[in-house]
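Trainee: FYI, in this note's numbering the residues of the sequence shown are 386 to 585.
The hints are simulated quantities; they were obtained by calculation from the structure and are not laboratory data. Glycine residues also receive a C-beta, built at the ideal position from the N, C-alpha and C atoms. Some hints could be false.
[What the hints assert, rightly or not] In the SDA-like style, the derived pairs of lysine to any residue whose C-alpha atoms are separated by at most 25 Å in a straight line are:
#	residue 1	residue 2
1	K584	N402
2	K435	D395
3	K393	W520
4	K518	Y552
5	K414	S579
6	K414	D444
7	K435	R529
8	K393	E514
9	K562	Y552
[What the hints assert, rightly or not] Label-pair ranges, simulated between beta-carbon atoms:
#	residue 1	residue 2	range
10	L459	T406	28 to 34 Å
11	S439	V509	34 to 40 Å
12	S516	F408	52 to 58 Å
13	K551	R479	43 to 49 Å
14	E581	A468	53 to 59 Å
15	D420	S516	36 to 42 Å
16	S439	G476	47 to 53 Å
17	F408	F544	33 to 39 Å
18	A453	D537	35 to 41 Å
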Amino acid sequence: MTRRTWRKGDLLISYGNPIITTFGADDEKIESMRDVIYFYYDITILHGKKTIFSASTHDFPKVPSLPAFLEHILTFDMTKGYALERTEDGGFVRNVDYAQLVLEDAFGMDNEYYYKIERYDYSVKQEDEESPKKWSEYTLTIGRALLGRDDDGVFREDFGEAIVIKYLTAEELMALKSTAEAFCEAAIRDYNESVEVAKT
386 MTRRTWRKGD LLISYGNPII TTFGADDEKI ESMRDVIYFY YDITILHGKK
436 TIFSASTHDF PKVPSLPAFL EHILTFDMTK GYALERTEDG GFVRNVDYAQ
486 LVLEDAFGMD NEYYYKIERY DYSVKQEDEE SPKKWSEYTL TIGRALLGRD
536 DDGVFREDFG EAIVIKYLTA EELMALKSTA EAFCEAAIRD YNESVEVAKT
């Protein structure tokens, strides 16, 4: 069974059970996710051995887009972000800039899920310091919105469930990016192997 897992301490994000349907004939191998029309898989988040979130994709897979999504937030020009805080008190200066991206193809679809990644850039200078200390922190939210009806009977995303992972580093996000890429590559390899087996 193909499964790829990212780990941060006792927290695991695991992708598994890939099923691919291609644009081409069933007996043709594929080279990349661009050759795939449908990509079904499961995502499971565990804390220790306890499952705290799980979802299955049906029509809108996100893991193939996750690497580009993470790369974008990691390289985002924060001068175009939001200024969350600008504090000056005597010689103390604290600035916090903010940006976020949301990867949601199908909010409200049964058992689909979304990603939200937030970036916080800090710049803090104490009175006795010559230059500020600068660092970035990231928050990753993986969740699912559930459909409810408003007073007029119209469906909307009223509520849902989400796992929020705070204080991530750029290195940890790069590891998640590598996990997503490895999962897609393994799914393609498995598909191509099944094509070969079917020919024999």
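Trainee: Now look at each hint and say whether the structure bears it out.
Mentor: Hint check results:
For a cut-off of 25 Å, the pair hint linking K584 to N402 stands: about 23 Å separates their Cα positions. A hinted pair counts as satisfied when its Cα atoms are at most 25 Å apart, and K435 with D395 qualifies at roughly 10 Å. Annotation: proposed proximity of K393 to W520 holds, straight-line Cα distance about 19 Å (limit 25 Å). For the given pair, K518 sits about 17 Å from Y552 by alpha-carbon distance, which is consistent with the 25 Å threshold.
At most 25 Å may separate the alpha-carbon atoms for a hinted pair to count; K414 and S579 meet this at roughly 9 Å. Taking the CA atoms of K414 and D444, the gap is near 22 Å; set against the 25 Å cutoff, the hint holds. In summary, the hint linking K435 to R529 is supported, as the alpha carbons are separated by about 18 Å, within the 25 Å threshold. At roughly 33 Å between alpha-carbon atoms, K393 and E514 are farther apart than 25 Å, so this suggested pair is violated.
Proposed proximity of K562 and Y552 is supported: the alpha carbons are some 17 Å apart, at most 25 Å. The hinted range of 28 to 34 Å is satisfied by L459 and T406, whose Cβ atoms lie roughly 31 Å apart. With their beta carbons about 39 Å apart, S439 and V509 fall inside the hinted range of 34 to 40 Å. A hinted range of 52 to 58 Å for the beta carbons of S516 and F408 is consistent with their spacing of about 54 Å.
For K551 and R479, the hinted distance range of 43 to 49 Å is not satisfied, since their beta carbons lie about 19 Å from each other. About 56 Å separates the C-beta atoms of E581 and A468, a value consistent with the hinted range of 53 to 59 Å. A beta carbon spacing of about 50 Å between D420 and S516 contradicts the range 36 to 42 Å that was offered as a hint. Checked against the hint of 47 to 53 Å, the pair S439 and G476 passes, with Cβ atoms roughly 50 Å apart.
Under the hint 33 to 39 Å, the C-beta atoms of F408 and F544, about 37 Å apart, fit the expected range. Separation of A453 from D537 is about 38 Å and conforms to the stated range, judged on CB atoms against 35 to 41 Å.
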